[in-house]
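K.L.:
Listed below are the residues making up each chain.
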Amino acid sequence: MTTDNSGDVRLSGISKTYGAFTAVHPLDLTVPQGSFFALLGASGCGKTTTLRMIAGLEEPSSGSVHLGDQEVTHLPPYKRPVNTVFQSYALFPHLDIFENVAFGLRRRGIKSVKKQVEDMLELVQLGEQARKKPHQLSGGQQQRVAVARALINHPKVLLLDEPLGALDLKLRRQMQLELKRIQTEVGITFVHVTHDQEEAMTMADTVAVMNAGRVEQLGAPSDLYENPQTTFVANFLGTSNLIEAEIDTRSGEDIVLKAGGGKLVLPRTRCSAPGTTGGKVLVGVRPEKITLTHADDAGEIAEGRNRITGKIADSSFIGVSTQYVIDSPVCPEFEVYAQNIDRDARLVPGADVVLHWNPAHTFGLDPAQDIDAGVDAGEEAA
Amino acid sequence: MAAVTEAPPLAPAPEKKPPRKRGRFTPYWLLLPGILWLLIFFAAPMIYQASTSVQTGSLEEGYKVTWHFATYWDALSSYWPQFLRSVFYAASATVLCLLLGYPLAYLIAFRAGRWRNLIMILVIAPFFTSFLIRTLAWKTILADNGPVVHTLNSLHILSLTDWLGWTAGDRVLATPLAVVCGLTYNFLPFMILPLYTSLERIDGRLHEAAGDLYAKPFTTFRKVTFPLSMPGVVSGTLLTFIPAAGDYVNAELLGSTDTRMVGNVIQAQFLRVLDYPTAAALSFILMAAILLMVTFYIRRSGTEDLV
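Line by line, the protein sequences are chains S and F.
The numbering used here puts the first sequence at residues 1 to 382.
The numbering used here puts the second sequence at residues 1 to 307.
Incorrect hints may have been included.
What the hints assert, rightly or not - Listed next, the in silico SDA-like pairs over lysine to any residue satisfying Cα-Cα at most 20 Å (straight line):
#  : chain 1 : residue 1 : chain 2 : residue 2
1  : F       : Lys223    : S       : Arg131
2  : F       : Lys216    : S       : Pro76
3  : F       : Lys216    : S       : Pro81
4  : S       : Lys79     : F       : Phe218
5  : S       : Lys132    : F       : Pro227
6  : F       : Lys223    : S       : Tyr78
7  : S       : Lys133    : F       : Pro227
8  : F       : Lys216    : S       : Tyr78
9  : S       : Lys133    : F       : Ser301
10 : F       : Lys216    : S       : His154
11 : F       : Lys216    : S       : Thr73
12 : S       : Lys115    : S       : Gly127
13 : F       : Lys223    : S       : Pro93
14 : S       : Lys79     : F       : Phe221
15 : F       : Lys216    : S       : Arg107
16 : S       : Lys133    : F       : Pro231
17 : S       : Lys133    : F       : Arg205
18 : S       : Lys263    : S       : Gly252
19 : F       : Lys216    : S       : Glu99
20 : S       : Lys111    : F       : Lys216
21 : F       : Lys216    : S       : Gly109
22 : F       : Lys223    : S       : His94
23 : S       : Lys289    : S       : Asn340
24 : S       : Lys133    : S       : Ala166
25 : F       : Lys216    : S       : His94
26 : F       : Lys223    : S       : Gly109
27 : S       : Lys111    : F       : Arg222
28 : S       : Lys79     : F       : Glu208
29 : S       : Lys79     : F       : Lys216
30 : F       : Lys223    : S       : Pro134
31 : F       : Lys223    : S       : Pro76
32 : S       : Lys79     : F       : Arg222
33 : S       : Lys79     : F       : Thr220
34 : F       : Lys216    : S       : Leu75
Hints listed in this document are in silico derivations from the structure and should not be mistaken for laboratory results.
All chains, full assembly: derive it from the sequences and hints.
P.N.:
Next up, the structure:
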């Protein structure tokens, strides 16, 4: 966006321990100037602690924090060019909206705040509410005051700690778009902490998935979703079907695997496991990539697709799609989401089916990991 | 149950009405004990006092209501120094309580951690012994050749307080300072408890938010913590000032004839001089004065919408 790097956030080896408990393991992270960065994870994964270390509200046990070229590791919060939107907004109850927004400007000794505050209230569409007290506003309005109060200071970085957590679903969707619009408009680096994977994927350019005090994987939302590197990411971000398979042969760009009685093809570039011939690998595929065909029509399936046979154990119709649970020899609960375009009336529980998908959608993971990592965390968060 | 199921569909409607009628008077029935209590122990004595204050006569011949309002004027003109002294002592004690109590309440609310309950108990513990005994103990503490007076003397603080007229000679006992010390000591918990309650209610994230918005720790205190603790400051100062202004025990035990407060005068008029009208009139003047001051104070502190 710009060559200016004063809004970069660089964390080098920062960690935080409380007694014997390690909240954040030594972590290196660079958030480039002007990006919308999300720290995603279940509660207790260390994402908020990381954010608070950037804000200066928590002192790292080791490592350093840089903003641009300035080291801020030991600066108190009031000396950092960073502002925070707190989880429950933390608006000052004794001050009206105008004074809440003007607070940061006044502390920095700026005398004529009227114009700036009014412009900022206009940006968040709260011009009419300037003289009200926070408790007179709705949750969504309070949220926008919290954003205005932070943004008016033109921070190098804006930190958002679960800013939409207290809002209902509809308002949350609306505020996600609103925040994204504001971020594009002001061009400030946003670091956003959330447990809502959908929120992280809709808003952020880059998402870091955190688990137990470590960053599991970092990348663009579509990268993380299409090519997860760990079972935690595969299960936490959406749903994945994971099958244990054995490496059969390697041919050019592909790895051929044996699973159950059949063979599956996995592109080498999408395999994060060390994978030697005869070794194991966890094969994954997202439920919506799979096509279901009734066993009677198996002959019509195109060549070169990965196939698995099974029996429909359960199906639930949810409007835009139908979700099937398939009992197959390789995996007892294989999930398949099918768009309701041309519904095959024979696809009911008990029917024999063939599951098939394009090998390019297959990913391979290191089998040493817990196959169910992140399953509960994902459900809890969603 | 059976009656309800057998009744025709419209029958339950009239059945619902009686409880609603009873319900209309329920709040008044619930209020009755409180109202009776107030009538017997507050309104009746007040009316009795008011009538006493406008009576004339003597103990032997009996008192009669003669609407003799001059008693008020006489009482005020003879005892105005005691009135002023009461206000001054009570105000000094209140300010001292605030200065001592605020840091302590702040410490308990934000810094005490697991010591919080212990410190709270220590604040309240003196109440387990009698008010009189505790005040008498101060006689020993401030005794002429005790360590406190000795230390104050060697630090030359007594010569300063002598010069200000708070102490006399090398004594602390029987001086204004002793009375104010006693008042401060006795009413300090009444300051600490409301301060603690309102400080403890402040959301810690507001401090973080202020820090995040460039407020240094002291600015955070001035702009966020203190304004939010105003309800505690107001109720604490009222709970200290009002009883301190009417107190007579501290002046009686720790003071001298030069430190008599209006409470001492009222007590003497009632129990020793037996001049009931003057005593009643003095009580009413004190009450009116406190009411006026408190009203003015609450208006000025502008905490109506915070409380």
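K.L.:
Against each hint, give a clear statement of whether it holds in the structure.
P.N.:
Hints and how they fare:
no.	hint	verdict
1	F/Lys223 <-> S/Arg131	holds, 18 Å
2	F/Lys216 <-> S/Pro76	holds, 9 Å
3	F/Lys216 <-> S/Pro81	holds, 14 Å
4	S/Lys79 <-> F/Phe218	holds, 14 Å
5	S/Lys132 <-> F/Pro227	holds, 17 Å
6	F/Lys223 <-> S/Tyr78	holds, 14 Å
7	S/Lys133 <-> F/Pro227	holds, 15 Å
8	F/Lys216 <-> S/Tyr78	holds, 6 Å
9	S/Lys133 <-> F/Ser301	holds, 19 Å
10	F/Lys216 <-> S/His154	holds, 19 Å
11	F/Lys216 <-> S/Thr73	holds, 17 Å
12	S/Lys115 <-> S/Gly127	holds, 12 Å
13	F/Lys223 <-> S/Pro93	holds, 12 Å
14	S/Lys79 <-> F/Phe221	holds, 17 Å
15	F/Lys216 <-> S/Arg107	holds, 9 Å
16	S/Lys133 <-> F/Pro231	holds, 17 Å
17	S/Lys133 <-> F/Arg205	holds, 18 Å
18	S/Lys263 <-> S/Gly252	holds, 16 Å
19	F/Lys216 <-> S/Glu99	holds, 17 Å
20	S/Lys111 <-> F/Lys216	holds, 18 Å
21	F/Lys216 <-> S/Gly109	holds, 12 Å
22	F/Lys223 <-> S/His94	holds, 10 Å
23	S/Lys289 <-> S/Asn340	holds, 14 Å
24	S/Lys133 <-> S/Ala166	holds, 19 Å
25	F/Lys216 <-> S/His94	holds, 19 Å
26	F/Lys223 <-> S/Gly109	holds, 14 Å
27	S/Lys111 <-> F/Arg222	holds, 18 Å
28	S/Lys79 <-> F/Glu208	holds, 13 Å
29	S/Lys79 <-> F/Lys216	holds, 9 Å
30	F/Lys223 <-> S/Pro134	holds, 16 Å
31	F/Lys223 <-> S/Pro76	holds, 18 Å
32	S/Lys79 <-> F/Arg222	holds, 18 Å
33	S/Lys79 <-> F/Thr220	holds, 14 Å
34	F/Lys216 <-> S/Leu75	holds, 12 Å
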